[in-house]
Amino acid sequence: MSLRKSRPTTASRRLRSDILYAVDKKRPEKSLTRPLKGPLGRSKGRISTRHKARGAKKLLRIIDFKRNKKGIPAKVFAIEYDPTHGPNIALLHYADGEKRYILAPKGLKKGDVVKAGEKADLTVGNALPLKNIPIGTFVHNIEIYPGRGGQFVRSAGCGAIIMSADSKFTTLKFPSKEIRKILSSCFATIGVLSNEDVKNVKMGKAGRKIHLGIRPTVRGVAMPYKHPHGGSYSTTGVGRKSPVSPWGQPAKGKKTRRRKHTNKYILQKRRKK
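Just add 13 to the spot in the sequence shown (first one is 1) and you have the numbering used here.
Just so you know, the hints here were simulated from the structure itself, not pulled from any lab data.
It is possible that some hints are incorrect.
DSS-like cross-link-like pairs, simulated, lysine-lysine; straight-line CA separation at most 30 Å [said to hold, decoys possible]:
| id | residue 1 | residue 2 |
| --- | --- | --- |
| 1 | K50 | K70 |
| 2 | K71 | K212 |
| 3 | K39 | K18 |
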């Protein structure tokens with residue numbers, strides 16, 4: 014996988030870059046897809062989440078995050094593009110005839126055999142409990158609670174590294190630099206996810222964002238008087254001590270979350286660098 018830069022024939026193509034996806038050109042498995050219909054970011058017709066739209070027409074691929082077919086080998090039938098996820102996806106054909114999609118890690122190829130279970134080999138694409146994975150291994154699709162399915166590290170190009178382990182907990186370092194303890198009985202999949210160059214893609218023009226379902230973000234100072242920053246025909250700025258949301262809440266620095274999640278299992282908080 015690599016980036017392709019467009020020739021600067023127009024202003025919008027000058028900075029545009031795309032990913033050259035190394036995938037099989039086939040239609041998605043019909044039994045594992047469903048349509049994405051209806052509005053997005055709306056509640057009874059009113060905007061509930063700003064800057065969202067449905068975007069281009071697409072099918073939702075149903076991904077298996079649980080990997081609960083223990084001990085049954087599966088052959089990778091195809092590596093496919095997925096418009097609703099960052100990494101590519103792999104279509105698995107299990108020995109008992111069932112078909113499922115999983116997130117495709119880097120290095121997984123068509124024809125490979127993968128397996129989930131406590132006695133699975135330590136190869137890319139296999140899912141094992143954290144207690145059976147050696148220190149220094151990169152993993153993704155990590156469970157928080159046993160049997161619930163992977164919830165951590167599912168973005169393109171991401172992988173968490175196992176730092177230490179004991180009988181009850183395994184310590185992992187996440188891509189966000191957060192260091193956290195997770196139950197050793199939770200499952201994780203070996204490898205780093207594909208499409209690591211997604212972060213380097215440049216849209217080039219607003220239309221590509223619209224196709225992705227991302228609507229424009231308008232500055233408050235460019236709005237009418239209904240917005241706390243708006244009004245006036247001159248560049249008066251915000252006109253307040255600090256910027257606020259359209260509903261008057263401080264927009265920078267003020268904590269607005271009420272939930273008190275425990276930090277008992279977080280050894281080091283995430284940071285930018």
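Cross-check of the supplied hints:
| no. | hint | result |
| --- | --- | --- |
| 1 | K50 x K70 | holds (9 Å) |
| 2 | K71 x K212 | holds (22 Å) |
| 3 | K39 x K18 | holds (25 Å) |
In summary, the structure agrees with every hint in the numbered list given earlier.
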